Amino acid sequence: MSSESENAYFIPHDAKWPIVGSIGLTLLLGGFANQLNGSTSATNVMIVGFLILVYMMFGWFGEVIDESESGTYGHGEDASFRMGMIWFIFSEVMFFAAFFGALYYIRIFSVPWLAGDGSGASTNEFLWSNFEAIWPTNGPGDIGGEYKKMGAWGLPAINTLLLLTSGVTCTWAHWGLVANKRKQLIIGLALTVTLGFIFVGLQVLEYSHGYHELNLTLGTGVYGSTFYMLTGFHGFHVTVGAIMLTVMLFRSIKGHFTPENHFAFEAAAWYWHFVDVVWLGLFIFVYWL
Amino acid sequence: MTTVTESHDDHHDHGPAKGLMRWVTTTNHKDIGTLYLLFSLVMFMVGGAMAMIIRLELFQPGLQFIDPGFFNQLTTVHALVMIFGAVMPAFVGLANWMLPIMIGGPDMALPRMNNWSFWILPFAFAMLLGTFFMDGGAPAGGWTIYPPLVLQGGNGFPFMIFAIHMMGISSVMGAINVIVTILNMRAPGMTLMKMPLFVWTWFITAYLLIAVMPVLAGAVTMLLTDKFFDTTFFNAAGGGDPVLFQHIFWFFGHPEVYILILPAFGIVSQIIPTFARKPLFGYSSMVYATSSIAFLSFIVWAHHMFTVGMPLQGELFFMYATMLIAVPTGVKVFNWISTMWKGSMTFETPMLFSIGFVIMFTIGGFSGLMLAIAPADFQYHDTYFVVAHFHYVLVTGAIYAIMASVYYWIPKWTGNMYNEKMGQWHFWISTVSVNVLFFPQHFLGLAGMPRRIPDYAVQFAEFNMWSSIGGFVFGLSQVFFCYIVYKTIKGGEKATDEVWEGAEGLEWTLPSPPPYHSFTTAPEIK
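Chains A and B, in that order, give the protein sequences. Residue 70 in our numbering sits at position 72 of the first sequence, and the numbers go up by one each step. Residue 443 in our numbering sits at position 435 of the second sequence, and the numbers go up by one each step.
Please keep in mind that the hints were generated in silico from the structure rather than gathered at the bench. It is possible that part of the hints are untrue.
[What the hints assert, rightly or not] Sample of chain B residues facing chain A (criterion: CB under 10 Å; computed from the structure):
| # | residue |
| --- | --- |
| 1 | Gly27 |
| 2 | Val32 |
| 3 | Asn36 |
| 4 | Asp75 |
| 5 | Phe78 |
| 6 | Ala134 |
| 7 | Leu159 |
| 8 | Gln160 |
| 9 | Gly162 |
| 10 | Leu200 |
| 11 | Met203 |
| 12 | Gly226 |
| 13 | Lys235 |
| 14 | Val251 |
[Claimed, not checked] Partial selection, computed: residues in chain A whose CB lies under 7 Å from chain B:
| # | residue |
| --- | --- |
| 15 | Ile9 |
| 16 | Lys14 |
| 17 | Pro16 |
| 18 | Val18 |
| 19 | Ala31 |
| 20 | Thr38 |
| 21 | Ser39 |
| 22 | Ala40 |
| 23 | Gly47 |
| 24 | Leu49 |
| 25 | Tyr53 |
| 26 | Ser78 |
| 27 | Met83 |
| 28 | Trp85 |
| 29 | Ala96 |
| 30 | Val220 |
Remember, predicted model here, so these are calculated numbers, not experimental data. Every residue gets a Cβ at the ideal spot worked out from N, C-alpha and C, and that includes glycine.
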């Protein structure tokens, strides 16, 4: 198609990968559902589904990278990819908004109401008359037993510093790419990826501290629920972002990208800045305040 | 509008591949549109069959045919199938088929992703419908899946959650594709304010989808962890609140109802000018009204929860915000009627369905206004009045617009005219029966008959019997619709390129059926 005219928009044919992705996704989620229902063999189905998904990603992205490197894409396709990525990130913002919304609702409404505020007066009096609204809380039922709060100024503060620094190194790498300083690009990316994975490692350490020393688990009432779900989904997104940047690092080492043409790098960088901003929200509302 | 239609003949384009794999690996917007539309029709029949069983059980008081547990599964899955399986895919199918043509583009912007958006759906619905055969049956807590009730379900529960996740992934990818296509693939000269209204309404719908489907994903994820991973988001003993789920769900759910109706507005705004032979009255006000509705849809969600025990300020805010929506909606209805005013009208089947839409959607809108009044809603809440309201909006609203669009564009898609006489019969049988089906439900609701209950007090017997009879006739008339579609695909009088005498727009400049690749060279837009 692309050879026909300079300006023709590239329409690929014979997309083999989507159906592979659907099968992988179905096996992964179906297996997971079966496992939740107590089936013991379901784990294998999940693993097969996951591997198929990984295979799909290698195949699909590989095809796109080949097309990109062989100059198939022009300005039109580039604009489509950019907009697509921006709106994908917006959908991720809304996904986190659901969990932040839950956190705010719990802190502003449900916990004070349980303590007798506003329309919750009778609930408090008849069900849990001794309950007071103090954040953090594991609720009037003391779900999960005694626990300690996760402090903000230990590991989380270090993690904030790490992520913010990684944002800087990522931008520095981008400057290198635009100025065609390949060494700066590769060093910058390597630093970013390293900082990213150190962040994930420290999160694992923090979770282990929470589970083993603070008795703070997913089951520690709403505090545990919101804490682990918000930081957990964020940690998952950091991992995905770091993997994306790792791919960009390897592609840079292989000599991919030009100062004018490097959408994939920018997409990964946008994603990285997005997880950065989410972290700031987490640090303020989950750890600090 | 003038266009160059011959220019794409000299391209040695790929035609469609041979055999079944054409449909599995296709990246062509028309093929994918066809897949979506056929999938939607199948789901419409599946969901319709469930509705038939529901109406059969409600034909007379007492328990006749099915046990109450199965009845609850049917009401739940009927709704999920109709919303996520029938109406939404139908609109996405129409978007796939028509948007690239209407804006003069070569295809959707991201064709491979387009394929995946569709091919997730059959798997997601296999998973959802598979729950009927599991221990504990399908989810039975209503489509709104409120905790704690839904958490008491059987083995089907996690499958339903993951099916919803997959539908969400599909919708978000589809919506991203629509936005990027509209922003990036328009022919030179096709400025935003020259776009056909169907394109505009889908553009705004796509934003709603991207904004709220991830919120639903978050909500169902919290349900999953509450059930299996000890979290207490919706458990008061842990400091959470079941009402929190309702807030998050309806923050998705209310924009969702506009996702289900905005493209319908667009379709009707295409069809009425054609058969009134007049340009659409108030084009730009239509665009602004659609945008206002979309904005307002984000700040009215709690009108679904007036009886849940919200603070008074909340009740008042959501009541007034909801009533505001009547203003832009009124603008639209006014514009449709003004378009018809003094037009040279003819009443082919698409026009009949569109006029039916305008009248009956407005009835649904008015009952919505009644429900918006918080103190009155205390009486109507969870009664058949609500059921009547949203079926007027969804069946005689969304589905009628989809029917209209099929009759309007099927000559373009297949190259064959449908049988006009059969189309008119389909319209009149559907319209009489759908009113026999849903109108009495208003009275049932006002008299206090609760929704989602398989049995009822004897004073409701007569209206229910009417309603069931209307339901069976309406169901049969949709089987007739399938026959009309089948017959049109198979053959019939050849359609001209313009198809309709008064039709405006790029789709009518292409041959019927259009070539496999629509505009490989951008048409000229005046």
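* With chain B as the partner, please determine if alanine 31(A) meets the hint condition of a C-beta pair closer than 7 Å. => holds, 4 Å
* To do: Have a go at the glycine 27(B) hint: is there a Cβ in chain A nearer than 10 Å to its own Cβ?
  => violated, 12 Å
* To do: Have a go at the glycine 47(A) hint: is there a Cβ in chain B nearer than 7 Å to its own Cβ?
  => violated, 11 Å
* Asked: Should the interface hint for methionine 83(A) be scored as holding, given a Cβ-Cβ cut-off of 7 Å against chain B?
  -> violated, 9 Å
* Interface hint for tryptophan 85(A), Cβ within 7 Å of any Cβ on chain B -> The hint holds - tryptophan 85(A) has a Cβ within 7 Å of chain B, the shortest such distance being about 5 Å.
* To do: Go through the hint on serine 39(A) and say holds or violated, using the shortest Cβ distance to chain B against 7 Å.
  => Because about 15 Å separates serine 39(A) from the closest Cβ in chain B, which is outside the 7 Å limit, the hint is violated.
* **Proposed interface contact between alanine 40(A) and chain B, which counts if any beta carbon pair is under 7 Å** => violated, 11 Å
* To do: Using 10 Å as the Cβ threshold, decide whether alanine 134(B) counts as touching chain A.
  => The hint holds - alanine 134(B) has a Cβ within 10 Å of chain A, the shortest such distance being about 8 Å.
* Can the hint on valine 251(B) be confirmed by a CB-to-CB distance to chain A that is less than 10 Å? -> Nearest chain A Cβ about 8 Å off; hint holds.
* To do: Go through the hint on alanine 96(A) and say holds or violated, using the shortest Cβ distance to chain B against 7 Å.
  => holds, 3 Å
* Asked: Hint check: is the beta carbon of asparagine 36(B) less than 10 Å from a beta carbon of chain A?
  -> holds, 8 Å
* Go through the hint on isoleucine 9(A) and say holds or violated, using the shortest Cβ distance to chain B against 7 Å. => Nearest chain B Cβ about 5 Å off; hint holds.
Checked against the numbered hints given earlier, the structure breaks hints 1, 4, 5, 7, 8, 10, 11, 18, 20, 21, 22, 23, 24, 25 and 27 and satisfies all the rest.
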